[in-house]
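**Student:** Here's the letter readout for the chains.
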Amino acid sequence: MILRKAFAFIRRSYMLQMSYKLESILRMFFMLFNILTYYFVAKLVGTAGAKYLEPYGGDYFSFVLIGIAFSTYLMVSLRGFSETIRDEQMMGTLEAMLVTPTDTTTVITFSSLWSFIFASIRVVLYLLVGIFLGVNLNNANLLGALIILFLTVLSFSSLGMLAASFIMIFKRGDPINMMFMSTSELFGGVFFPIEVLPWWLQSISHIFPMTYSLSGMRHALLQGYSLHDLLPEISALVIFCMILMPMSLLIIRFAVKRVKEEGTLVQY
Amino acid sequence: MLGPNGAGKTTLIKILCTLIFPSTGTAKVNGYDVLKESRKVRESIGYVTTDERSFYWRLTGRQNLEFFANLHNYYSKKAQSRVSDLLSIVNLEKRADDPFLSYSAGMKQRLAIARGLINDPRVLFMDEPTRSLDPKAAQDARDFIHDYIVSEQEKTIFLSTHNLNEAEQLCNRIAILDEGKIKVSGTPQELKNGLGSNSTLSDVFTSYSGKRLEEEKQPKSSFMKEMRFRHRGGLGMGRR
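The listed protein sequences derive, respectively, from chains U and G.
Under numbering that gives the first Met the number 0, the residue at position 53 of the first sequence is numbered 52, and the numbers go up by one with no gaps.
Under numbering that gives the first Met the number 0, the residue at position 50 of the second sequence is numbered 49, and the numbers go up by one with no gaps.
Check before you lean on any hint, since a few could be wrong.
Simulated DEER-style distance windows between Cβ atoms [said to hold, decoys possible]: (1) M180/U <-> S22/G: 32 to 40 Å; (2) P245/U <-> S201/G: 34 to 42 Å; (3) N33/U <-> N29/G: 38 to 46 Å; (4) L25/U <-> G179/G: 48 to 56 Å; (5) M17/U <-> S80/G: 19 to 27 Å; (6) T23/G <-> T105/U: 25 to 33 Å; (7) N33/U <-> Y74/G: 35 to 43 Å; (8) L34/G <-> N135/U: 56 to 64 Å; (9) L142/U <-> T23/G: 51 to 59 Å; (10) F32/U <-> K27/G: 53 to 61 Å; (11) Y74/G <-> I116/U: 14 to 22 Å; (12) K20/U <-> K27/G: 47 to 55 Å; (13) K35/G <-> L248/U: 19 to 27 Å; (14) G179/G <-> M14/U: 35 to 43 Å.
Derived BS3-like pairs (lysine-lysine); straight-line CA-CA distance at most 27 Å [unchecked claim]: (15) K180/G <-> K4/U; (16) K4/U <-> K77/G; (17) K76/G <-> K39/G; (18) K180/G <-> K256/U; (19) K39/G <-> K256/U; (20) K4/U <-> K76/G; (21) K39/G <-> K4/U; (22) K256/U <-> K27/G; (23) K20/U <-> K93/G; (24) K256/U <-> K35/G.
By construction, these hints were calculated from the structure, which means they are not laboratory data.
Where is the CB? At the ideal position from N, CA and C, for every residue including glycine.
Using the sequences and the accompanying hints, generate a full structural model.
**Tutor:** If you want it as structure tokens, here you go:
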């Protein structure tokens, strides 16, 4: 039943998105310019950063392509849940959903499922365009990449649920979103290997799940690391999940209880 | 539930529908505690709001109802069949596949009533169901509520309104709510008799709340001609 309900939310979001066809097409189309920008930046950089890029295959374009593609999941996770709540509040549909037997946490989490699917379509497109522009994924360990992806989505989603809890209570100004959105690109290794950073900044990088996610994804896709070789990243992401998932579920339940007590659930 | 704006009618309905937790006290709906058994409460109730924003405007009436049927754990053919029946009952089958944004206010309200009936609830909560309708559409809606939902389907309706005619026309029992407190309750006749002969519901309201409510003129109903009731077997709408 849970899968059928998940499908119902995906279908609804898909139909809503397809009712704005032009927006969907434009979002996909202009993404190509983003990729091309980094392609030419990579040409400019050449082999300048070869020393730092060597563990990831040595090619900057491949490095940054994986970085921007998979950081999409962080953006979707951090924004997805809170934006879902806000959108449903503003559309006025949240209350109508919450008066059904489907519980509040399910409504919030499932409402974001389409965002993850849409993000996955974008990631696949990123990779396809990347392959067309010369990125070599011949040695990719797909199973390893999928495991890293699964753990990435779980850990990032937990952060997103924390962000949504703040939005529910404070309506605006959620610190989780602000902190991770503004710092993950610097510390998470989206545009450059964290080894470029001075040692004391590198130590900060290690508290961001993004660091392990991108490192593992690059090793799996570009270097074809085996599952055994990927264990450090997988273990780190599992630890993040074990800490963040129960914490986020507890906090979002607390947030739902509090806004129901205050009667502010549908206020924004 | 009769009361002026700000009396607490919507808050009370939201508490009974488990959308808001009560700050003190307890409440039961269909024998279920709104705090401890909130899911069972929601399984056994329907909620009709006047807020036309509570639908997805870019989806069709059918797509909207099917989504909400899924939230009530109706899936696939069961959901489709249920939705088709309801669209027929509220006479929206011809416009079922048009976007919600193209519906008139009356059609939007009929779809809201259809959504409230999706799970064949024992109790239907209606928060000022005719507030945004013109007098004729409002009367049509009242007739539908009285003739179909109450008389034919034997559902219990908990309705809030600040319209005296509506309360008198639809309600077996009336409670006057003002500033969050029930001032008096009883059948319309009991309430009027309590103030002496020739008293009106307006007099009752003024007597207990110290305020006056505007009365709405009654248009002649054409509802029964417009609505097509289909008394097909197996609709599953009857009281179980």
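**Student:** Checked against the structure, which of the hints given earlier come out wrong?
**Tutor:** Going through the list in order, the structure violates hints 2, 3, 15 and respects the others.
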